[in-house]
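J.: Knowing the structure of chain B, use the given hints to seat chains D and A on it.
Sequence order for the protein chains is B, D and A. Position 274, counted from 1, in the first sequence is what my numbering calls 274; the numbers after and before it change by one each time, with no gaps. Position 2, counted from 1, in the second sequence is what my numbering calls 1002; the numbers after and before it change by one each time, with no gaps. Position 164, counted from 1, in the third sequence is what my numbering calls 2164; the numbers after and before it change by one each time, with no gaps.
These are computed hints drawn from the structure, not numbers from a lab. Computed from a prediction, not measured in an experiment: that's the story for all the values here. Check the hints yourself; a few may be wrong.
Chain D stretches covered by chain B per the calculated footprint, using a threshold of three residues with CB under 8 Å from any CB of chain B [to be verified]:
| # | stretch |
| --- | --- |
| 1 | 1015–1023 |
| 2 | 1072–1086 |
| 3 | 1129–1142 |
| 4 | 1173–1181 |
| 5 | 1266–1274 |
Pair ranges (Cβ atoms, derived) [as the list claims (entries may be wrong)]:
| # | chain 1 | residue 1 | chain 2 | residue 2 | range |
| --- | --- | --- | --- | --- | --- |
| 6 | B | Asn-223 | A | Gly-2278 | 45 to 55 Å |
| 7 | D | Arg-1303 | B | Gly-137 | 22 to 32 Å |
| 8 | D | Ser-1213 | A | Gly-2047 | 41 to 51 Å |
Note that the Cβ used here is the ideal one computed from N, Cα and C, for glycine as well.
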Amino acid sequence: MTSIERDRVIISSPAPTYEIEIEAPSPRMIMRRRALTHPGFLFGATVVLATVIIALCAPLLTPYDPYAQDLSQRLIPPVLAAKGSWAHLLGTDAMGRDYLTRLMYGARISLTIGFGAAALAGIIGTSLGLIGGYFGGWVDSVVMYCVNVKLALPGILVALSLIEVFGGSVFSVTLILGVLFWDRFIVVTRSVTQQTRVADYVTAAEAVGASRFRIILGEVLPNVLNHIIVIASLEMAVAILVEAALSFLGLGIRPPTPSWGLMISEGRNFMFFQPYLVAVPGIAILVLVVAINMLGDGIRDITAPEGRN
Amino acid sequence: MSRFLIHRALIALLVAITVSIIGFTLLRLSGDLASALAGDTATQEQIAQTAHLYGLDRPLSIQYFDWVWKALHGDLGRSLFTNEPVTYLIGQRIGVTAQLSVMALTFALLIAIPLGVVAATRPNSWIDRFSLGLAVLGQGMPNFWFGLILIIVFGVSLRWLPISGTDHFSNFIMPTITLGTSVMPAIMRLTRTGMLDALDSDYIRTARAKGLSTRSVLFKHALRNAILPVVSLTAVSLGFLLGGSVIVESVFALNGIGFLAFQSILRTDFPVVQSIVVFVSFCYILLTLVSDMINAYLDPRIRLG
Amino acid sequence: MSQRQEVLQVEGLSVAIDTPGGTLRAVSDVDLHVGRGETLCIVGESGCGKTITSLGIMGLLPRRARLSVKRLELEGRDLARLSGKERAALRGDRMAMIFQDPMTSLNPVYTIGNQMEEIYVRHGKGNQKQARERAEYLLHKVGISAATSRLGQYPHQLSGGLRQRAMVAMTLMCDPTLIIADEPTTALDVTIQAQILHLLDDLQRELHMALILITHDLGVVARMADRVVVMYAGQVVETGTAEEIFAAPRHPYTRGLLDCIPIPGKTRPGAPLGSIPGIVPSLLGPLESCQFRNRCPQAFADCAKAPVPLRETSPGRADRCLLPLGAPAQPRRASEALGAAE
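Isolated chain B, as found in the complex:
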């Protein structure tokens, strides 16, 4: 059982025959090969995977409790600085909590909200995009109208208002962000759906009498899946950045939960003398977001490089 298809071309003529064998690798093999040689994808995947593992195994990786305050140990700089110690690799914050530990637990917040918001936005956006792209006409106009309304609204201000009204917990923040970021999903899904819709195999399915629901799920969705994954990763990165900003402003995750944005906000008061309090969580956000973006770009390159040169 091999995943390689072999084509054989035989030229027949009065003269001796020549056999040419052409190996055509399956699409999966092509993608795997591309994936393993794409530096952006590898970097992104490694970092994201590492972050997920750290977030999941945080209790195993660190002896400290992210919420345990110890005022005798406050504001110790990271190990490489003058007054640092190996007991606290990244130092402690103003409440004496180990920074590295809080960073690790903070990864949970970022990943959960990022993933959750992207998933929710993806479901909403993809559904609307499929419907609008497939049915066209006034249905499509309504979908585009929704997109235009969403785009006109100032996202941050709306998010801030909603959090003020509904409170800031991981759940509510995820929900609110998910409800605010579906526009890119719609645009891409709609356009791919429109293109797929006029493809012959869809017309064939319609002719046979397949229900529209089945056609959308069975024929159109698989085509769109690649694009959705790419957009989802990009939106996840955006969600993480926005959550950090909201928490920084104080209208996001509430203390003492270790959200990275919140850590930066808490460190702000001390930033002139203990800049690491601000620098460290920011770098964590930067690295994770860049990794997710590169992962998304990498997936796009691997699954559909025809779009690029």
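T.: Only chains D and A this time, still in chain B's reference frame:
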């Protein structure tokens, strides 16, 4: 083309109305705005008094139309906190936000477009990789954090720039850089992609076949085509900057409408919040309309049908 | 054919393209020449290197492509030694090119007039006003009525046939001695095709420029060609006058091409048309054998042993085959000839 524009204008109007409704209802979604305003310890009677005082006991639709009617006459209500007219408050602060946004956008364009063009003419060179790396960094960095880092480095350690206030031009340098780096990557990427596509096209091949100079091929022929989507993105980015300035204004203590909106949200100062949300949205809608018009003008295929 | 009549002389032109999979032999050792008032057709299927050859002559190869040539002269001027700038100065002026798809070959955001006038001004032939007059004159000459209003129109406002006529007019702005037309009619309707070819024919009769016509359509060749160069897999496989090629093709590939189309007077009514089985060989790596052997009905062992040289049997008549069709009985090489299919 005018049919096309009228069509767009009508849609814009519809969107504007919807946005006004949404902006209006934002802070009321908790169900009871009056209790929020009256405070945690208020009695039922006090809550009812509060509700009556701000007209919150009337049906929602009445409140909405009343607000719209007054707004069309230039009255956006008064801030619950300072009792000043909202129009006055916005007018006082819009200058800062507008100045910041325009400066940030200009900064972004001055970097993004040249970089995008050069990167496209030398694909896979060091400058191409550098520009892409810059874009990745710009898109990945939380801009409030970047602002803080700038403050630490340039405001404190090096003491080159002032870290707060709005009286002097130099106050705007770090906020401009911070805000500019958030919109720069998308513009650069779009310019680069647009130029790559243009340079790969048949009409550029024709231009070269005619023996035109490199400068003419690049700027007269390629860029002119590549720039069309960038114009749209620029207009949209300006709208985005106006709405998203709250973070940078907070970091640098700038008194713009973003910061005002933020404070008002915290204080449940609903007249201010709903007005700012709607105002920013309207600016965005207007900007997209303007960008459609510019696009239609720049692209003869749209202009002449 | 005396040398001084030759507008273009090409000897040993090769183009190599670096790809991740290796070096592609896009064009190998091509010779050709065209004289004043002469039409040379380069025929071959897609990917045979005819377009790359013309781009190489014009100096329009993409960055990844490397050109090497023994001789490349335009009106006696050595093009190979020129710098990029000097080459650019000749393009559009002494040599011009028409491309396949007039819709995408014209810049959509500038008027026809603008795109025509800029050539004139750029090559220092005159000022804006003179350029405009010449453009108007040429539009008229190619059969576009209402030339003045057409000048102010944009490409998308013209029909396909008009666009291609405008492109022809555009190439004539500086009165070049050589025009290369790359599949100028392929993207057009059949009726328009005839008009464009007729136009090119008339213009050549009047202006005596050398015309290289690249095509895969033998009908076009029959209509227009004085001489023909047949290309396959980056190589020239046969050259000759149009009569010679059609009446007595020597290379099996040429014969195969002719068998594929119905030729009035030759093809038996009701008989099936031929086809050439197989696909073009890979162009990666060095040349090691006859490139056509895998599809050739008369290939034999020697065809695989070494590259086949181009042999000139009489001035202007050459072929690249060990067993040329219609040749005398013994094959050119070795004794292992098997029965040659005819």
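J.: State for each hint whether it applies.
T.: Each hint, compared with the structure:
| no. | hint | result |
| --- | --- | --- |
| 1 | 1015–1023 | holds (count 6) |
| 2 | 1072–1086 | violated (count 0) |
| 3 | 1129–1142 | holds (count 6) |
| 4 | 1173–1181 | violated (count 0) |
| 5 | 1266–1274 | holds (count 3) |
| 6 | B:Asn-223 with A:Gly-2278: 45 to 55 Å | violated (33 Å) |
| 7 | D:Arg-1303 with B:Gly-137: 22 to 32 Å | holds (27 Å) |
| 8 | D:Ser-1213 with A:Gly-2047: 41 to 51 Å | violated (32 Å) |
Going through the hint list in order, the structure does not satisfy hints 2, 4, 6, 8.
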